[in-house]
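*Asks:* Spelled out from the first residue to the last, the chains are:
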Amino acid sequence: MSKSSPRRPFGRNTGTVTVIEAKVHRSSARNARLAFILTAVIVGLLSAVVAASSMHPILALFIGALIGALSGGLAWVLVRIWPVLRLLWWWTTEIGITIVLGAAWVQLANHTPLPVTLVVVALVVGVPAAVPVTRRALVAWTWCLVVRHRLRVCFAQFIIANQSGSLPLILWATPTPVGERVWVYLRPGLSMADLEGRLDRIAVACHAATALVERASDGNAAYLRFDIKRREVLTATVGSPLVDVIDPATPATDRAMPVVPTALDLPDVDAPVITLPVQKKPATTANGSKPGASSSSSDADDVSDWI
Amino acid sequence: MTTATAPTSGVPVGPGLSMFDPIFVGIDEFGQPVYITLAYRNLLAGGEPGGGKSGLLNCIAAHAALSVDSRLVLLDGKLVELGQWEDCADAFIGPDITEALTVLRRLQVVMNNRYAWLRAHGRRKLTAADNLSVITVLVDEIAFYSATVGSKQEQEEFVALLRDLVARGRAAGIPVVAATQRPSFDIIPTSLRDLFGYRAAFRCTTPNSSNIVLGHGWAEQGYTATDIQPTNQGAAYLIAEGGVPRRIKVAYLTDNQIAGIADYATWIRRPATGNRTEWEIAA
Ligand SMILES: Nc1ncnc2c1ncn2[C@@H]1O[C@H](COP(=O)(O)OP(=O)(O)OP(=O)(O)O)[C@@H](O)[C@H]1O
Ligand SMILES: [Mg+2]
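Those sequence lines, one after another, are chains D and E. For the first sequence, my numbering begins at 1 and goes up steadily by one. For the second sequence, my numbering begins at 1 and goes up steadily by one.
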């Protein structure tokens, strides 16, 4: 955000941020000059040519110069205040919401007596806050707004992209059951690999548990998708639909009762064990080269041999 | 703990189930059902003890048991994990490597015969229209056969046979689903591990273990099974159709539910497996 107010950058003089801001400032001044000259020349010539068809050429030239200078000046102003415009654009949603709410409040206060006003406000605020579904939806969408700003802070503060300091386009965000999903269009200078190395810091900046980044399009490496995760939702046990399709009246398979082994506790067992698995082991090892008695120690040998 | 009902709409279930159908394995973070089609794929599940690997295997076994065109070959070093499916399985091998080798050799012959059959018909892979069964091989705890029990020679033969099945069984309708706690090279040779196309990583204790299961480099991209809570058993990262790990929660079958499905499966596949009269009396 500090990057967006390039009129103050020279006041700060620490860290990489200042360097970039100085660059941004210089490039903004240069761009403005360039925009002025280009617009002035092109618009001036065009209007002079157009004007020449209805008046004396020299007069037309003067008029062209005037119009060119005016529109060049306009272009210069636009480029110089571009950081402010960009800032306004970033906060459009918030500004819009504030204006709408403010206007609604003023209208309401002007047209109804105070008790009615308060009751209406209490209802408008209280009902969505009391109903869990709307409350969750409101909170989720608020997080979407927050996350877009936080991501921009990440890009501006520690994911330094290119010389002119242009930030990726942070497109829309939607809530997901685990957090938010934000689509981003990278500008030259960044790649997905750069972001993968900084996912932990992005998660911190977004006040989230983890963050993931994925390609959002097969054909365009610049179009990415962030998955910000702040909740664990997979905690409930999931049932299987197969349970519902079977016929519960199925006769149970009657199995031959297997031999139930005894000696189920340590004191019951002395030396070489004769329980079910080991009983089969002598047969197993008889094929191999090792004697059955030392089967457990030979297992350990096998593992180390394998490495 | 609460229970989420599985989203049943669109889940192909019923007695007409086929192994070529997508298998419901659970839900993802968006609450959407997750399916895997196993007929032409192999799946490797890894994760710490108690992570939920056997839960996934049972889920797949349930689908396979209820499929009409399916045979089950179960290798279970712990006897109890897949033990309830014994009656509807064509082979159930406990902790005995000799029997395991025998059944794998049989499967190899079947596979060779099927390829010869396909060649004779000028085809390249088995399809649902062939009326041949898909033989699902479920191995719980590979490490038990490949590094613990038997002589070194037998272990190597086990690995070689399994690798052959994993490598060539796909198109012949012999998918392998294997589970092990940590498929590092000392337990399963890398040459075998890397052949599994689908991976499921249940909770792991280190990002490295997670990488061993999912494949190299995923932890660095933020997909590491260490961020699964130890208490959240059955949650996993699954790499299947999409190619990117997805966080899923595996559907869980209780012992009673498994017993019910196994009994039903045994009952519906009765005509195919002999001693029918006794059952028809019972029914
Ligand atoms: N999908 C699931 N949902 C809820 N709970 C589960 C799920 N899967 C497993 N559990 C719980 O976790 C326990 C251990 O699971 P499971 O036996 O599948 O682990 P495992 O990974 O096979 O362990 P081992 O490596 O020791 O064989 C189960 O007894 C069950 O209580
Ligand atoms: Mg298990």
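Some clues are possibly wrong.
Distance windows between CB atoms, simulated [what the hints assert, rightly or not]:
#: 1; chain 1: D; residue 1: A216; chain 2: E; residue 2: Q32; range: 12 to 20 Å
#: 2; chain 1: E; residue 1: R123; chain 2: D; residue 2: R135; range: 55 to 63 Å
#: 3; chain 1: D; residue 1: R135; chain 2: E; residue 2: N131; range: 52 to 60 Å
#: 4; chain 1: D; residue 1: D218; chain 2: E; residue 2: R41; range: 19 to 27 Å
#: 5; chain 1: E; residue 1: Q229; chain 2: D; residue 2: R136; range: 19 to 27 Å
#: 6; chain 1: E; residue 1: N113; chain 2: D; residue 2: Y185; range: 52 to 60 Å
From the derived model, a few chain D residues whose C-beta atoms are all more than 12 Å from chain E [what the hints assert, rightly or not]:
#: 7; residue: I37
#: 8; residue: W172
#: 9; residue: G189
#: 10; residue: M192
#: 11; residue: Y223
#: 12; residue: L234
#: 13; residue: S240
#: 14; residue: P241
#: 15; residue: V245
Honestly, the hints are just simulated from the structure, not real lab data. Using N, Cα and C, we set each Cβ at its ideal position, and we do this for glycine too.
*Asks:* Among all the numbered hints in the text so far, which are the ones the structure does not match?
*Replies:* Hints 10, 12, 13, 14 and 15 are the ones this structure does not satisfy, whereas the remaining hints hold.
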